[in-house]
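Trainee: Each chain, written out:
2 protein chains.
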Amino acid sequence: MKKLLGTSFLLLSMAVFGQAKEDSIQFSQISLEILNNGKGYTELKDLTKNIGHRLSGSAAYEKSVQWAAQKLRDAGADKVWLQEVMIPVWERGKESLHIQTSNGKWKSLKMLSLGNSEGTGGKDVSGEIIMVKSLEEYDQLPAEKVKGKIVFFNHPFNQGYVQTFLGYRDAGVYRRTAASLTAKKGGKFAIIRSLSSAFDDVPHTGAMKYDDDVPKVPAVAIGNTTADELEKLLNNQKVTAKLNSNCGMKGEKLSHSVIGEITGKKDKSVIVVGGHLDSWDVGEGAHDDGAGIVQSIEVLRTFKKLGIKNNHTIRVVCFANEENGLKGGLQYGKTVKESNEKHLFAIESDAGGFSPRGISLEMNEPQRNQIISWGNLFLPYGVYNFEGRYSGADIYPLRDMGVPTAELVPDPQRYFDIHHTEEDTFEKVNRRELLLGAAVMTQLIYMIDKNW
Amino acid sequence: MKKLLGTSFLLLSMAVFGQAKEDSIQFSQISLEILNNGKGYTELKDLTKNIGHRLSGSAAYEKSVQWAAQKLRDAGADKVWLQEVMIPVWERGKESLHIQTSNGKWKSLKMLSLGNSEGTGGKDVSGEIIMVKSLEEYDQLPAEKVKGKIVFFNHPFNQGYVQTFLGYRDAGVYRRTAASLTAKKGGKFAIIRSLSSAFDDVPHTGAMKYDDDVPKVPAVAIGNTTADELEKLLNNQKVTAKLNSNCGMKGEKLSHSVIGEITGKKDKSVIVVGGHLDSWDVGEGAHDDGAGIVQSIEVLRTFKKLGIKNNHTIRVVCFANEENGLKGGLQYGKTVKESNEKHLFAIESDAGGFSPRGISLEMNEPQRNQIISWGNLFLPYGVYNFEGRYSGADIYPLRDMGVPTAELVPDPQRYFDIHHTEEDTFEKVNRRELLLGAAVMTQLIYMIDKNW
Numbered sequence: 001m002k003k004l005l006g007t008s009f010l011l012l013s014m015a016v017f018g019q020a021k022e023d024s025i026q027f028s029q030i031s032l033e034i035l036n037n038g039k040g041y042t043e044l045k046d047l048t049k050n051i052g053h054r055l056s057g058s059a060a061y062e063k064s065v066q067w068a069a070q071k072l073r074d075a076g077a078d079k080v081w082l083q084e085v086m087i088p089v090w091e092r093g094k095e096s097l098h099i100q101t102s103n104g105k106w107k108s109l110k111m112l113s114l115g116n117s118e119g120t121g122g123k124d125v126s127g128e129i130i131m132v133k134s135l136e137e138y139d140q141l142p143a144e145k146v147k148g149k150i151v152f153f154n155h156p157f158n159q160g161y162v163q164t165f166l167g168y169r170d171a172g173v174y175r176r177t178a179a180s181l182t183a184k185k186g187g188k189f190a191i192i193r194s195l196s197s198a199f200d201d202v203p204h205t206g207a208m209k210y211d212d213d214v215p216k217v218p219a220v221a222i223g224n225t226t227a228d229e230l231e232k233l234l235n236n237q238k239v240t241a242k243l244n245s246n247c248g249m250k251g252e253k254l255s256h257s258v259i260g261e262i263t264g265k266k267d268k269s270v271i272v273v274g275g276h277l278d279s280w281d282v283g284e285g286a287h288d289d290g291a292g293i294v295q296s297i298e299v300l301r302t303f304k305k306l307g308i309k310n311n312h313t314i315r316v317v318c319f320a321n322e323e324n325g326l327k328g329g330l331q332y333g334k335t336v337k338e339s340n341e342k343h344l345f346a347i348e349s350d351a352g353g354f355s356p357r358g359i360s361l362e363m364n365e366p367q368r369n370q371i372i373s374w375g376n377l378f379l380p381y382g383v384y385n386f387e388g389r390y391s392g393a394d395i396y397p398l399r400d401m402g403v404p405t406a407e408l409v410p411d412p413q414r415y416f417d418i419h420h421t422e423e424d425t426f427e428k429v430n431r432r433e434l435l436l437g438a439a440v441m442t443q444l445i446y447m448i449d450k451n452w
Numbered sequence: 001m002k003k004l005l006g007t008s009f010l011l012l013s014m015a016v017f018g019q020a021k022e023d024s025i026q027f028s029q030i031s032l033e034i035l036n037n038g039k040g041y042t043e044l045k046d047l048t049k050n051i052g053h054r055l056s057g058s059a060a061y062e063k064s065v066q067w068a069a070q071k072l073r074d075a076g077a078d079k080v081w082l083q084e085v086m087i088p089v090w091e092r093g094k095e096s097l098h099i100q101t102s103n104g105k106w107k108s109l110k111m112l113s114l115g116n117s118e119g120t121g122g123k124d125v126s127g128e129i130i131m132v133k134s135l136e137e138y139d140q141l142p143a144e145k146v147k148g149k150i151v152f153f154n155h156p157f158n159q160g161y162v163q164t165f166l167g168y169r170d171a172g173v174y175r176r177t178a179a180s181l182t183a184k185k186g187g188k189f190a191i192i193r194s195l196s197s198a199f200d201d202v203p204h205t206g207a208m209k210y211d212d213d214v215p216k217v218p219a220v221a222i223g224n225t226t227a228d229e230l231e232k233l234l235n236n237q238k239v240t241a242k243l244n245s246n247c248g249m250k251g252e253k254l255s256h257s258v259i260g261e262i263t264g265k266k267d268k269s270v271i272v273v274g275g276h277l278d279s280w281d282v283g284e285g286a287h288d289d290g291a292g293i294v295q296s297i298e299v300l301r302t303f304k305k306l307g308i309k310n311n312h313t314i315r316v317v318c319f320a321n322e323e324n325g326l327k328g329g330l331q332y333g334k335t336v337k338e339s340n341e342k343h344l345f346a347i348e349s350d351a352g353g354f355s356p357r358g359i360s361l362e363m364n365e366p367q368r369n370q371i372i373s374w375g376n377l378f379l380p381y382g383v384y385n386f387e388g389r390y391s392g393a394d395i396y397p398l399r400d401m402g403v404p405t406a407e408l409v410p411d412p413q414r415y416f417d418i419h420h421t422e423e424d425t426f427e428k429v430n431r432r433e434l435l436l437g438a439a440v441m442t443q444l445i446y447m448i449d450k451n452w
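Quick mapping for you: the protein sequence lines, in order, are chains A and B.
Going by the UniProt record's numbering, the residue at position 281 of the first sequence is 281; the numbering climbs one at a time, nothing skipped.
Going by the UniProt record's numbering, the residue at position 18 of the second sequence is 18; the numbering climbs one at a time, nothing skipped.
Any given hint might turn out to be false.
Pairs involving identical chains hold if they fit within one copy or between any two copies, as the list cannot separate such chains.
[Claimed, not checked] Each computed DSS-like pair below joins lysine-lysine, with the alpha-carbon atoms no more than 27 Å apart: (1) K428 with K45; (2) K242 with K133; (3) K337 with K253; (4) K39 with K133; (5) K232 with K39; (6) K45 with K232; (7) K63 with K334; (8) K242 with K185.
These are calculated hints, taken from the structure and not from any lab test.
Computed from a predicted structure; not experimentally measured.
With the rest of the complex left out, here is chain A (with noise of 0.2 Å):
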């Protein structure tokens, strides 16, 4: 017994240890294929050079819906199609934004109207302002105090944070609250030091959210050194602002999510992989989400070209309208609940196209913990970290049916340098780090694919 027991042990070691050595091999073939050949950074030049911007409902928008059916295309997919999606439309039109101090004089401050903010419908609008650091310093403000001024929320980005995603978190109630904080006391309009790791003078532009029971004030963003001096300026004198801007909610309209995927071999079960293809209207959308996108692209083309047999069906999803709606992720959800397609397992890449350096996991704890048994496999390409619990948003819909979902963790300390700004251009992306995602998110989707 005990000899039949040590043989069988030794057989299924040796099964084992087989099974990894193969499972390393194939991580391997896939890291060379795409440090290699991967086209994710051209792909993305293209992207973000010949096309730019795309903020959902644009025209930029609409020619990057044909640009990533044509590269699933191209990538190999078996079938591509359109997702119908209604998204909401937001113009951002001219703005400007002054002060005058004491001495009389006006000058232009950078700035850029919050996304899905309403303007001055190209009327000056001009008062006091009044600066808070907090929303506990605002909430102890008497409302005639705020009444027909304009309130700076001057709460900084946390830098002390390794993880810049809490800082982002924490700033990110400013920029969603102000301008009905500063409705509700009777303010004019709101300012927001942006949530931005850089000290420059760049304005980070990002959704903000109205209540719905006051008046819908316009709120805008300055970067950090435009919020310094400001606040130097507020610290010795009383500083008017005047803001004139034409932007605001221009009703629904169709549109599109980009969907390509390979039939799986032993049923259709799916597997997605995806990333945002709308940004924001400034800069051009090269972190936030293009690298995203050129990814999840690459998983397919991979798969194809190595001949990777895929015992499911592997489908990448190019979500409409993430950074002002997330219609794309709730439609998708939608249909999914509808046709009951069974789904397996979902991951996005939505925090832009760095070293990868682990992987989060939304999920229940046998399958979690069956993905952190495989974790040798992926330290050498630098993963090492499964410790957040969080996924992509656009596939939260899936996650509330049930389906575990993840998300590619990169390395922070760049993101919100350039994060909704002019600045978040292809030329802030390496080639290496972006495609090194893309052969972690392959090497995922493999195993999954393989054991689930």
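Here the structure of chain A is known, so what remains is to put chain B in place on it, guided by the hints.
Mentor: Same frame as chain A, now just chain B:
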């Protein structure tokens, strides 16, 4: 007895736990101080923009010596001094490389002479180019096929490695040996494809070496896309190259490494942290190795700022002449040997100012294992990789004397895009990535100082 053992174990656990907690708090304070208040990034801007590149023997290098001494005093060093070093002087001068194809026209190629290479003495040297892809291929060429020719060593940087330093290692032999290999078979000069991971026309310089027994023919580097174009031409036609250059060794000169320290409270055993102050004569020497210099100074500043009582002397060494002679490191080691000054540990940062991922350890197993046992403390700072068994080149002499040595291991994906080029500028360095590297070195030195 059992109970007693239980109690002892409990007390021991509490002590160990208390210890780990205390260390964890100290790690956090170090990281917060550096990410919030670190001066390394602005100091790097000052060094790169106001002094710029600083090859050993140049006036700029001498300026950087004064600069580093002042920064060490500003950081709170108890003692700052210059260590005399005799350094080789190499100067580039004017240089140009042209090729002539079958249409008879001459075309200029973007190039850099390799460091330490002799030039053509300002005269045109020309000949037909022959191309080889590998040393093996070159070895098989009879001398008569090389005689009077220009040899183009067209060995590509291997993009397939995740660890780019392996690609650098493999291709490095071409940079070091191309000139003497060419001379041995009677060739006039050598052209190498740069040791570069970038798909651009930027040439990478770097040290080469002459064998004693052969003529010192010139060696130059061209960028990857230039090499691609040249390869394409050579596949179809005869191509002549013409080099004109003034570079060469200009004897020796007295120069200095810069040293600053905070004296140990318990004893005078020394912990070294350093980088090299010199750079190549193109770009700004920002990642290589301005980053290592400002990170090392940040370590000292942080000990002083946080009032951490160092048991042993913590010494920052800004080594002279790493790039083309290693004389600073050699002189430092010689001085230590002569004085018999006890050295506990030495770490160098010389792999770029990118996000830290690990610490490479070159020491005996018990020492290694002790540092690895601290791994959980480092994990929140993105440091998980203790696999490496090498250390910085400037501290090899210390290693050879039995001192435990180490090197900071940053993310390697971007380094060889810009290494030894005009592109190694301040703009390529990210503030948070640079400072996080300084934090990790400070944390490690805190642990070594406390436990060794």
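Trainee: Each hint should be assessed against the structure and marked as holding or not.
Mentor: So, going through the hints one by one against the coordinates:
1. K428 with K45: This pair counts as both: shortest intra-copy Cα distance 11 Å, inter-copy 19 Å.
2. K242 with K133: Answer is within: at 21 Å inside a copy they meet the 27 Å cutoff, but 65 Å across does not.
3. K337 with K253: So K337 and K253 pass the 27 Å test inside one copy only (23 Å; across, 77 Å).
4. K39 with K133: Between copies only: 25 Å across, 46 Å inside.
5. K232 with K39: between (48 Å within a copy, 22 Å between copies)
6. K45 with K232: Answer is between: at 24 Å across copies they meet the 27 Å cutoff, but 41 Å inside does not.
7. K63 with K334: For K63 and K334, only the intra-copy Cα distance (25 Å) is at most 27 Å; the inter-copy one is 66 Å.
8. K242 with K185: Within one copy only: 19 Å inside, 76 Å across.
The structure shown violates none of the earlier numbered hints.
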